[in-house]
Amino acid sequence: MSGRYRILLPVISLAVLLAAVFYLQPRAMSYFGLNLLFNLAVPIALATIAQMMIIMVNDIDLSIGTFVSFSACVTATFLNDTPLLGAAILIAAILAYAAIGALIHLRELPAIVVTLGMSFVWGGVAVLLLPSPGGAAPGWIRTLMTVKPPLVPMAVVACVLIAGVTHVLIMRSSTGTLLRAVGGNTKAVARSGWSVMKLKAGAYALAGVFGVLSGMCLVGLTTSADANIALRYTLLSIAGVILGGGEFTGGKVSPVGAVIGALTLALAGSFLSFMRLSPDWQIGAQGAILILVLAVRLVFSRRGRKWKGAENG
Amino acid sequence: MNIKAKLMAAAALAVFAVPVSSLADTADKRIALSNNYAGNSWRQAMLQSWATVGDKAVEDGVVAVADVFTTSENQATEQAAQIQNMILQGYDAIVVNAASPTALNGAVKEACDAGIVVVSFDGIVTEPCAWRIAVDFKEMGRQQVEYLASRLPDGGNLLEIRGLAGVFVDDEIHAGIEEGVKEFPKFKIVGSVHGDWAQDVAQKAVAGILPSLPEIAGVVTQGGDGYGAAQAIDAAGRDMPIIVMGNRQDEMKWWAEARDANGYETLSLSIAPGVGTLAFWVAQQVLDGADVPKDLTVPFLKVTQDSLDEALEATPEGSVANVEYSLDDAKGVIADAQ
Chain A
6 MSGRYRILLP VISLAVLLAA VFYLQPRAMS YFGLNLLFNL AVPIALATIA
56 QMMIIMVNDI DLSIGTFVSF SACVTATFLN DTPLLGAAIL IAAILAYAAI
106 GALIHLRELP AIVVTLGMSF VWGGVAVLLL PSPGGAAPGW IRTLMTVKPP
156 LVPMAVVACV LIAGVTHVLI MRSSTGTLLR AVGGNTKAVA RSGWSVMKLK
206 AGAYALAGVF GVLSGMCLVG LTTSADANIA LRYTLLSIAG VILGGGEFTG
256 GKVSPVGAVI GALTLALAGS FLSFMRLSPD WQIGAQGAIL ILVLAVRLVF
306 SRRGRKWKGA ENG
Chain H
703 MNIKAKLMAA AALAVFAVPV SSLADTADKR IALSNNYAGN SWRQAMLQSW
753 ATVGDKAVED GVVAVADVFT TSENQATEQA AQIQNMILQG YDAIVVNAAS
803 PTALNGAVKE ACDAGIVVVS FDGIVTEPCA WRIAVDFKEM GRQQVEYLAS
853 RLPDGGNLLE IRGLAGVFVD DEIHAGIEEG VKEFPKFKIV GSVHGDWAQD
903 VAQKAVAGIL PSLPEIAGVV TQGGDGYGAA QAIDAAGRDM PIIVMGNRQD
953 EMKWWAEARD ANGYETLSLS IAPGVGTLAF WVAQQVLDGA DVPKDLTVPF
1003 LKVTQDSLDE ALEATPEGSV ANVEYSLDDA KGVIADAQ
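Read top to bottom, the protein sequences are chains A and H. Residue 318 is where the first sequence ends in my numbering, and the numbering goes up by one at each step. Residue 1040 is where the second sequence ends in my numbering, and the numbering goes up by one at each step.
What the hints contain is simulated information worked out from the structure, not anything from laboratory work. Misleading hints may appear alongside valid ones.
Far from chain A, some chain H residues (derived; all Cβ distances over 10 Å) [to be verified]: (1) E775; (2) A782; (3) A783; (4) Q784; (5) A805; (6) L806; (7) G808; (8) V837; (9) S852; (10) K890; (11) D990; (12) V1025.
Which stretches of chain A does chain H cover? Using the computed rule of at least three CB atoms under 8 Å from a CB of chain H, they are [to be verified]: (13) 41–47; (14) 99–105; (15) 178–189; (16) 251–259; (17) 265–279.
No residue lacks a Cβ here, since even glycine has one placed at the ideal position from N, Cα and C.
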């Protein structure tokens, strides 16, 4: 029961917001409009999936925003000028992410502190790579991000693809089950003979992969990079995971929900902009939407528990 | 005259009248301002100027709307989304003060492809399809030395107060000052401190370096630091050099007081927050079909001995001298660039 609610609520909130946006701005109800509305949500969705990998193993990642910025800088510089070296740097960054995961597990460090520290490292390296904004998106990424598939715009295709792939990976594969188990009950996983360190490193590596993809997509959309380009993704991604039905306690995540959560957050900004709300109120209003959705979820989950109690009793 | 002749005359009149009444062409056009930040006095003055000029233009029927949107987090990705929303909202022109010179290029390109005129100012964008109204900070530094040369034909020692280290604007103004000193070799920079564009930081920095300096004839600044420098030099009991000011209210107030006391003379120059209104008129001109070069330069707002009282009176306490640009100013800037 509760599993179904987990995905139902994000879907409903997205549908309601989308209906409101279409009502306010009928022009958005087109191939062109949908693409404009959602194309910048694609890198947010990828960053949200990256964050979800970390939240899944009961940690939190405060460095994802700067990591995406760093990946964007590498993409706009090395990956464009010397593709092999660029790819090597990005792979090294993913390995670094895995190493951080292993370190956090081995030394029993609080992830929130380690990733906060790492956020300064990624941010610093990004500034070193690109002291002043610039660089250029590699042609193939630009082509990929501006491709115009028939009937459905790129942004929607990409989001469905991201949701589908991660759903199979996390919810359907045996590795995914194990990874979720690490967040749900670490001891049980360890006792049944699995290496928790390897699994955690794997989850962090996956987060690194999606972080890199997010940076690449972002550069494909913006055409060039800036060392501070994605700082807000850190909080957006956490909000996206929670909005999409994930929980901080680990193990309970929903990849499809996370993508929808990211889309909802992106749409909330557009909605407020179309409402012509004064910018002074926009941050507050964005927060209010978030709280509203979470409050509704709380009501649902309480009621769900009551029903369960009634069935048992 | 029969009806046919009247109609003919009317038609002839219309044909001749159309190219003349250029304003009417933009009466149904909608212009939006995409602003990334509103958290300091300069930006507040900028928004206020935009509202004044924009509302007047709407009232006069020059344009249909002149809306303002400010992003809440001063982040490039947020502003890119904002610009994409503006495309959907069907604006004819978007005026941008950008959070990043490059990170908005994708969104700006989308806007251009949708047939929207994009004019960036202050925080400009590098996307070639957009217009840029840039500040020539280098020239701002050079002109300070030029002014000092006109006042002090024999040259002398200069103290340079720089801005925030590592910021592009600081490097540019500094380069301009170096250029000016090369041009007028009788001047020599004997000391340089960072005042971070803040009067308290500048005061401390200048007070620290003063004891090690010979006699100073002039102080070249970057704005926001002149008042602090004057306080420090005054406290050290030194003769007051010519301090070039930066249009801040406290600087102009000090200058006016010194002028009344002992006839102190100097020059003050900076960029007026009203540059947003210049961008507004440039956008209007582009919509009107005028041939506008892609790169334009903002004129400096200079306060001289003659205009000091007027500027001081018009500037609220703690703010910066401002000017709202008119359509003719915009035409002048466009003509200069051609």
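Checklist entry - Looking at the structure, which of the earlier hints fail to hold? => result Of the numbered hints given earlier, those the structure breaks are 1, 2, 3, 4, 5, 6, 7, 14, 15 and 16, listed in rising order.
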